Amino acid sequence: MTDVITMDHIVKVFPPNVVALNNVSVTFREGEIHAVVGENGAGKTTLMKILYGMQEANSGKIFLKGSQVHFNKPGEAISSGIGMVHQEILLIPEYSVWENVILGVEPTGYFGKIDQQKSRQKVKQQIDEFQFHLDPDARVEEISVAARQKVEILKLLYRNVSFLILDEPTSVLTPQEIPQLFDELRRMRDNGRTIVYISHHLEEVLELSDRITVLRKGSKIDTIESSAATKKSLAQMMVGREVIFESIRKTARTGNIVFDMSGLDYSFPQKRPILQNIQIQVREGEIVGIAGVEGNGQLEVVRIIMGLLKPDHGKIEIQGKDFTHASILERREKISFVSQDRANMGSCLNATISENIIMTHHRLNKRFSKWNGIVLNKSQIRIFSEEVRKSFDIQMDSTEAEIKSLSGGNQQKTILGRELSLDTPFLLLDQPTRGLDVGSIEYVHEHILQMRDDAHAILLLSADLEELFRLSDRILVLHRGKIVANLKTEQTSIEEVGYLMLEGGAQ
Amino acid sequence: MNVIIGLINGMIAAATPILLAALGGTLTYYAGIFNIAMEGMMLSGAFFAVLGSYYFHSWIVGILFGVLGAILIALIFIFFSISLKVDEFVTGVGLNLFAVGLTTYLLRQIFKVKGAFTNPGIVSIPKIHIPLIEDIPVLGKILSGQNLVVYIALIATIFITWLVFKSRFGLRLRAAGYNSTCLDTSGVSSNAIRFRSLILCGILCGFAGSFLSLGYVTLFTENMSAGRGWISLAAVILVSGNPVGIALVSLLFGFADGLGLFLQQSLPSQFTSMVPYVATLMALFVYSIRKKKKEAIS
Ligand SMILES: Nc1ncnc2c1ncn2[C@@H]1O[C@H](COP(=O)(O)OP(=O)(O)OP(=O)(O)O)[C@@H](O)[C@H]1O
Ligand SMILES: [Mg+2]
Numbered sequence: 001m002t003d004v005i006t007m008d009h010i011v012k013v014f015p016p017n018v019v020a021l022n023n024v025s026v027t028f029r030e031g032e033i034h035a036v037v038g039e040n041g042a043g044k045t046t047l048m049k050i051l052y053g054m055q056e057a058n059s060g061k062i063f064l065k066g067s068q069v070h071f072n073k074p075g076e077a078i079s080s081g082i083g084m085v086h087q088e089i090l091l092i093p094e095y096s097v098w099e100n101v102i103l104g105v106e107p108t109g110y111f112g113k114i115d116q117q118k119s120r121q122k123v124k125q126q127i128d129e130f131q132f133h134l135d136p137d138a139r140v141e142e143i144s145v146a147a148r149q150k151v152e153i154l155k156l157l158y159r160n161v162s163f164l165i166l167d168e169p170t171s172v173l174t175p176q177e178i179p180q181l182f183d184e185l186r187r188m189r190d191n192g193r194t195i196v197y198i199s200h201h202l203e204e205v206l207e208l209s210d211r212i213t214v215l216r217k218g219s220k221i222d223t224i225e226s227s228a229a230t231k232k233s234l235a236q237m238m239v240g241r242e243v244i245f246e247s248i249r250k251t252a253r254t255g256n257i258v259f260d261m262s263g264l265d266y267s268f269p270q271k272r273p274i275l276q277n278i279q280i281q282v283r284e285g286e287i288v289g290i291a292g293v294e295g296n297g298q299l300e301v302v303r304i305i306m307g308l309l310k311p312d313h314g315k316i317e318i319q320g321k322d323f324t325h326a327s328i329l330e331r332r333e334k335i336s337f338v339s340q341d342r343a344n345m346g347s348c349l350n351a352t353i354s355e356n357i358i359m360t361h362h363r364l365n366k367r368f369s370k371w372n373g374i375v376l377n378k379s380q381i382r383i384f385s386e387e388v389r390k391s392f393d394i395q396m397d398s399t400e401a402e403i404k405s406l407s408g409g410n411q412q413k414t415i416l417g418r419e420l421s422l423d424t425p426f427l428l429l430d431q432p433t434r435g436l437d438v439g440s441i442e443y444v445h446e447h448i449l450q451m452r453d454d455a456h457a458i459l460l461l462s463a464d465l466e467e468l469f470r471l472s473d474r475i476l477v478l479h480r481g482k483i484v485a486n487l488k489t490e491q492t493s494i495e496e497v498g499y500l501m502l503e504g505g506a507q
Numbered sequence: 001m002n003v004i005i006g007l008i009n010g011m012i013a014a015a016t017p018i019l020l021a022a023l024g025g026t027l028t029y030y031a032g033i034f035n036i037a038m039e040g041m042m043l044s045g046a047f048f049a050v051l052g053s054y055y056f057h058s059w060i061v062g063i064l065f066g067v068l069g070a071i072l073i074a075l076i077f078i079f080f081s082i083s084l085k086v087d088e089f090v091t092g093v094g095l096n097l098f099a100v101g102l103t104t105y106l107l108r109q110i111f112k113v114k115g116a117f118t119n120p121g122i123v124s125i126p127k128i129h130i131p132l133i134e135d136i137p138v139l140g141k142i143l144s145g146q147n148l149v150v151y152i153a154l155i156a157t158i159f160i161t162w163l164v165f166k167s168r169f170g171l172r173l174r175a176a177g178y179n180s181t182c183l184d185t186s187g188v189s190s191n192a193i194r195f196r197s198l199i200l201c202g203i204l205c206g207f208a209g210s211f212l213s214l215g216y217v218t219l220f221t222e223n224m225s226a227g228r229g230w231i232s233l234a235a236v237i238l239v240s241g242n243p244v245g246i247a248l249v250s251l252l253f254g255f256a257d258g259l260g261l262f263l264q265q266s267l268p269s270q271f272t273s274m275v276p277y278v279a280t281l282m283a284l285f286v287y288s289i290r291k292k293k294k295e296a297i298s
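Protein sequence lines correspond, in order, to chains A and B.
1 is the number of the first residue of the first sequence in the working numbering; add one for each residue after it.
1 is the number of the first residue of the second sequence in the working numbering; add one for each residue after it.
Honestly, the hints are just simulated from the structure, not real lab data.
Quick caveat: nothing in here was measured; it's all calculated off a predicted structure.
One or more of the hints may lead you astray.
Claimed, not checked - Have a look at the derived ranges for each label pair, beta carbon to beta carbon:
id	chain 1	residue 1	chain 2	residue 2	range
1	A	Asn277	B	Ile158	52 to 60 Å
2	A	Gln55	B	Ser269	54 to 62 Å
3	B	Phe271	A	Thr108	25 to 33 Å
Stated by the list, open to error - Partial selection, computed: residues in chain B whose CB lies under 8 Å from chain A:
id	residue
4	Lys166
5	Arg168
6	Ser180
7	Leu183
8	Ser186
9	Gly187
10	Val188
11	Asn191
Just so it is clear, CB atoms sit at the ideal spot from N, CA and C, and this is done for glycine as well.
Okay, chain B solo, but in the shape it has when bound (with noise of 0.2 Å):
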């Protein structure tokens, strides 16, 4: 039993940052960005999550850092794309490179190390214990005791289904994917709706990056995102952005991640760490037959 309930907590645990960054994602997907630096901007959050936890001895702030590393990135994707209008991939590829070199540089200059940093003064992101629910058997080990950013990816689940399906920034944010023009003459900015929804994105990156360094585990290493942004970009494009297909799709690949690990114990790690491009790479065919299909239609 015990043995289940750890696979199952496992699962949720490595789906925890997939899900908060492909919600993230999939923003920019309704605004019609093809925003591939989900992978930059979580990396970057993990960095600076690790760096106000360890400065502040504040999980917080470690927190607050850890968005703001991430909306360093997308700032510069909007920069890039939106004022100068690059190539929204070759400006994807580039940020994703320059966080891990930026990352690394940094983790060097400032503590001193090479390959990771881990020190008991880094603060992690807590637990949270719900009274009641905690006493139910079997459940109670599931639904409490998650690390508070596992709960938060859950209500940001609930907040972005209902933020691109039932308000007005929705029904603006989806209008700038379909047709900016007509977002435009109807008196909207599409470009000012693309920036929102690269910062939002930037915010939930910031969360998937501070749980992947101060809840996961507590401590950076370098690139230590290890392929879960690309990851996240195939489960939005799998299920055309839907939020909760998301939660699905990120709990899949966290038990392809919790099977990597299993496996580790029979197979060379080399093989079990493609796990995640594999995913992406098969996500990506999907994608490309379904579009074929669709064009075949009209």
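Isolated chain A (complex conformation) (with noise of 0.2 Å):
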């Protein structure tokens, strides 16, 4: 096999101190799948953006085919045959399949006239070769997540690309749809083509690469052969220390109910029903998971939760006290909660670290405040915030920096030390550990199941089924807005419940 992109010696640092990668080197090969693991913050993403022209290295080389180039923009990168699917979907929601696929490299006519059939031919020829089940006319706002991705790609094999970078694509994907990506995958590089692929699920790597590479805090531990490695054994080389997969969860010891949601309907355009007669408690000391395909009703669950939908019927209560129309401020006050949009919901990403870490804190807190809630105690402040940061290891370089500057991991680390610190009698959490590194996991799920055993109640949203058979204590399936079953964890298997999610209740 011949090298295609050598990277050799690659440093980077962000001002002022943020040595992001440390002298990185690494070939990648022609036909292979070559995956980048790392923990949060370990320099996978800024690696490939390098590559991909949008970020300048300080030092270091890049050999394509044995000859150096620099890429000073993306449109170089592709010029050369290098696409990069980034971490957040970057289309036009607006422009149809087709539209999107051809912006930037258009086939025209006289007058620079978009020559519009010939590109839907080119687009639905390269949709049929790939198999990839698109229609090119739809508006990709109206697709899904999944499919949203695929035109990603197919934006790329579009400009005739051979070296495809992916990061993290399966994290917005359903389970269901893994695999067709995967034998997509396989398909292009039995095409010849390069694929690297970034992920934090370790399983999912291991079965779909060739080679692995391991970063730990910007340095290069090694490339290995996949199949020379296993789980364990590539957490360790993560981690710097070993994994624990297995449960700890000790048994429940459960008090009252502390949430509690009865006969709860929503319909939308007042029609469609989305949620039906939905009932869900959680008692103190127990968390409860709710399983189930995107789409069928979780989000809305959250929302109505959270006060940002109104439900038709239906009552929500909180250690008994009605919280059906309360107020935001004062659903804050019982419930902490983890959006799983975090750039949108989670938090301002314009704002620093440490405002992001106080928010909701400055509003229940005195502590962070002085006169009478008039001005806020900056000290207080900077104190929680380094507490936050060191329980919670987040890889930054100060809390008064910016929230964007940090890795998507980090990201989710910091908004998970604001809500897991709130110390609400419930938790809400949506895909908690979206974006973690196995490391970051472990510690997570170790919190929260700290957080059980203290008697908080907690209902956790997961796509990720181990997860959810991890942590919780009872699951229940939500199909087509309702609950379809309440299992105890002990009493069923992940078979069983990924059977009731596509299928429903036992018709």
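From these two lone chains plus the hints, build me the complex, please.
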């Protein structure tokens, strides 16, 4: 196999002194799927952005098929056959699939008129070739997240890209969609393309990739053959210590009912029922998990609990008090909330890390204000931010930096740190570990279980069934807006829950 | 009958500069620029059009100068908002004030007059008489005999519609407005697209300004754009940039303008000259309500 890309002694320092990459050298071969793994903030995204011309390395060289190259912007990388699908999807929702695909390399006729017929035909042809099952005329805002990701890949294939970089592509996919993506990636590899694949899911990495490069804190640890690795050995290389994957759940000692949602209906717009007669009860010292294929009503349940949607009927009680019509602030006194949408709902990207850490705390906790709440107490804020940073091991330069300068996983840890330290009786966690590395997941899981043992009531939503089984005492299955099963974790299996998620009740 | 024809022709004449400026504004609107400098571009265009026409005794040079004068403002806008990344709103407000100051100063320095400059040496843009159509009863007096710029505005409407929705430039233009990062990572510089949209906007505002000072009337007065740039902004926002919609709204504003003139016989002129600003306020009000509704849905 020939080498396609060699990155040689890459160094990247973010001012003033964050060393994101420290002398990293890595070689990608033709026709391989090459996984890059590492903890949050290890430098995976940065390494790929440098290759793609989105960021400038401080030193180091890049070779394409033996000759040195330097890309100043993504456009140059693309014309050399390198393409990247980003951690966040970058498409124009208002455009159709084919318009998104051709943007930037449009086939044109006279006077720069877009040749619609030719464009559509070429896109259609490519869709068929890779068996993507997409409608070229569909508007991107109307198709699923998985389909959007295919559009991103298609966009690169259309540009004849032979080197594809995918940054955490499965974190937005439902478990059902992942095998399909893998088939597509394998097909592309077998066509002689090279695929670089960043992921935190070690099983996926082992299943899919040919070779794996491990980064830790900006340094390359090693590149190994996948066949020679196990989940445990990979995790150890990543974190530098052993990671325990088994459940550490103690038997539950449950108390009074804390959260009680009953007879809840919701429909949109008025006619189409989305939630029907939802009953959810969570007791002190209990974790209740909700399983379901995305789009079966989870989003609405979460939004109704947080007061962002009004239910048509039904009641929500917390510690015996009616919260159905409570204001957001009243809810926040009782509910800690980790949203799955970390960029919009979970944080304010333009605010600093410490501002993000004290959001909500600053209203609920007297400690953070002086003079009867008129002025914020800076020194307390600093102390508290440092506490959160330490206990959640958030990799950052200073708590006064903007939160968007953090890596994806470290942003998530910041949000978790804020919410889990609110110390409310009820916690609503929606995909709490999305984008976290194995070591951090282990820590967050321990933390959540500790809170359960301290008599908090926890409602957990996760697309990751293993996580649900690891944490939950009971699992509810949501299917087409109805709860079709209420199972004790010990008495069910991933297979049974998976079946219920797809097929609904026992009909 | 003649009164009605006169009213319609008045409406068309009043609508033309608004339409041209708004077509320019629609390009920057799609490119995602909050461009409020049409007023300044138009005013600068009007002044330099008179300058060119007077010194070279040619309306063609007049238009050329007018266009260059408007492009001058566009270039300053580009320098501040794209190169230096100054807030677009602040840049726009500053440039509109600058255009008033600049043209007033030059008027006094070059022509040594205050308030208005009028001279038989200024060559105005001709009216176009179309044979055959000219002879159609009633309609002929509307379809034919308009100022050349009126026809240019008509062609520009069609051309801009095509440009925005059918051409490669249009696809990239709208992409720059919807999500510029996406356009950049697709290999097209969104700043280059913004640059071009502003230059095109300058050209169109140059025509609008030339029409004001060499077509509508043949003279230059201080601050003669008189809020038309703001109205064109309101027109763009009202119809979310749709060029055909802009043409209709411009006619409506033209009608309001004519109405204002008509009302001047009975109302104090201070009130009638408020019409453009009131219309702008109403448009912005409608815009904010629509935006709220949109946000509520998503
Ligand atoms: N624009 C930036 N400014 C300052 N620091 C940055 C910036 N981008 C990244 N960093 C820092 O560089 C380091 C590496 O970040 P990077 O995004 O590459 O991590 P990652 O391996 O992709 O992590 P994750 O798995 O969480 O996405 C982190 O410490 C991060 O805080
Ligand atoms: Mg990353």
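Hints versus structure:
1. A/Asn277 x B/Ile158: 52 to 60 Å: Because 57 Å falls inside the window, the suggested range holds.
2. A/Gln55 x B/Ser269: 54 to 62 Å: Holds, at about 60 Å.
3. B/Phe271 x A/Thr108: 25 to 33 Å: violated (52 Å)
4. Lys166: Since chain A brings a Cβ to about 6 Å from B/Lys166, closer than 8 Å, the hint holds.
5. Arg168: holds (5 Å)
6. Ser180: violated (10 Å)
7. Leu183: holds (7 Å)
8. Ser186: Cβ of B/Ser186 sits 4 Å from chain A, so the hint holds.
9. Gly187: Because about 3 Å separates B/Gly187 from the closest Cβ in chain A, which is inside the 8 Å limit, the hint holds.
10. Val188: With a minimum Cβ separation of about 5 Å from chain A (threshold 8 Å), the hint on B/Val188 holds.
11. Asn191: violated (11 Å)
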